[in-house]
Amino acid sequence: IPQAVLGLLSEPTSSFLTVTRTPSELSITLPAESIASLSPPPDKVTKSFIALQIVGTFDLDLVGVLAPVAQLLANSKIAIFVIATFDTDYILVNEADVDKAVTVLRNVGCTFSS
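Start counting the sequence shown at 520; every next residue gets the next number (this note's numbering).
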């Protein structure tokens with residue numbers, strides 16, 4: 520894990536930051552403004568995603584929380600990138616589609632806060 524990411528992890532912040540390591544990759548999702556601090560620079564960078572949080576703490580045995588949201592967005596041709604934590608899920612939507620995604624979800628009763 521790059522030293523700059525370890526530094527970001529130790530800072531108290533309200534920014535979204537996640538690190539996932541598998542046998543084949545190290546995936547870091549963080550605010551675009553933090554990318555310049557990474558050394559060595561990342562192999563791949565996508566800067567255009569906005570995170571939408573599914574608010575609430577969900578038991579890990581709860582079934583079907585994410586699926587209806589993903590299906591609504593898929594039906595509207597909106598691609599998503601999902602990151603789950605122990606307590607909740609985050610749906611990352613391309614910045615170009617975020618207004619459309621919010622509208623689709625509001626139309627079925629979802630609410631949003633900044």
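Hints may contain errors.
[To be verified] Below, computed lysine-lysine pairings styled on DSS-like, alpha-carbon distance capped at 27 angstroms:
1) 566 with 619
2) 596 with 563
3) 566 with 596
[To be verified] Pair by pair, the computed Cβ-Cβ distance ranges are:
4) 559 with 630: 40 to 50 angstroms
5) 602 with 523: 11 to 21 angstroms
6) 631 with 600: 13 to 23 angstroms
7) 565 with 523: 32 to 42 angstroms
I should point out that these hints are in silico values taken from the structure, not numbers from a laboratory.
The C-beta atom is built at its ideal place from N, Cα and C for all residues, glycine as well.
Item to check | Distance restraint between residue 596 and residue 563, which requires alpha-carbon spacing of 27 angstroms or less | outcome: holds (24 angstroms)
Next on the checklist: Given the hint of 32 to 42 angstroms, is the C-beta distance from residue 565 to residue 523 inside that range or not?
Outcome noted: Violated: the Cβ-Cβ distance is about 18 angstroms, outside 32 to 42 angstroms.
Item to check | Range hint 11 to 21 angstroms (beta carbons of residue 602 and residue 523) holds or violated | outcome: holds (20 angstroms)
Item to check | 27 angstroms Cα cutoff - pair residue 566, residue 619 | outcome: The given pair, whose Cα atoms are some 19 angstroms apart, holds under the 27 angstroms limit.
Checklist entry - If you draw a straight line from the CA of residue 566 to the CA of residue 596, is it 27 angstroms or shorter? => result The hint holds at about 20 angstroms.
Next on the checklist: Looking only at beta-carbon atoms, does the pair residue 559, residue 630 fall within the given range of 40 to 50 angstroms?
Outcome noted: holds (41 angstroms)
Item to check | Satisfaction of the hinted span 13 to 23 angstroms by the C-beta atoms belonging to residue 631 and residue 600 | outcome: For residue 631 and residue 600 the Cβ distance comes to about 18 angstroms; the hint holds.
Comparing the model with each numbered hint stated earlier shows that hint 7 is the single one that does not hold.
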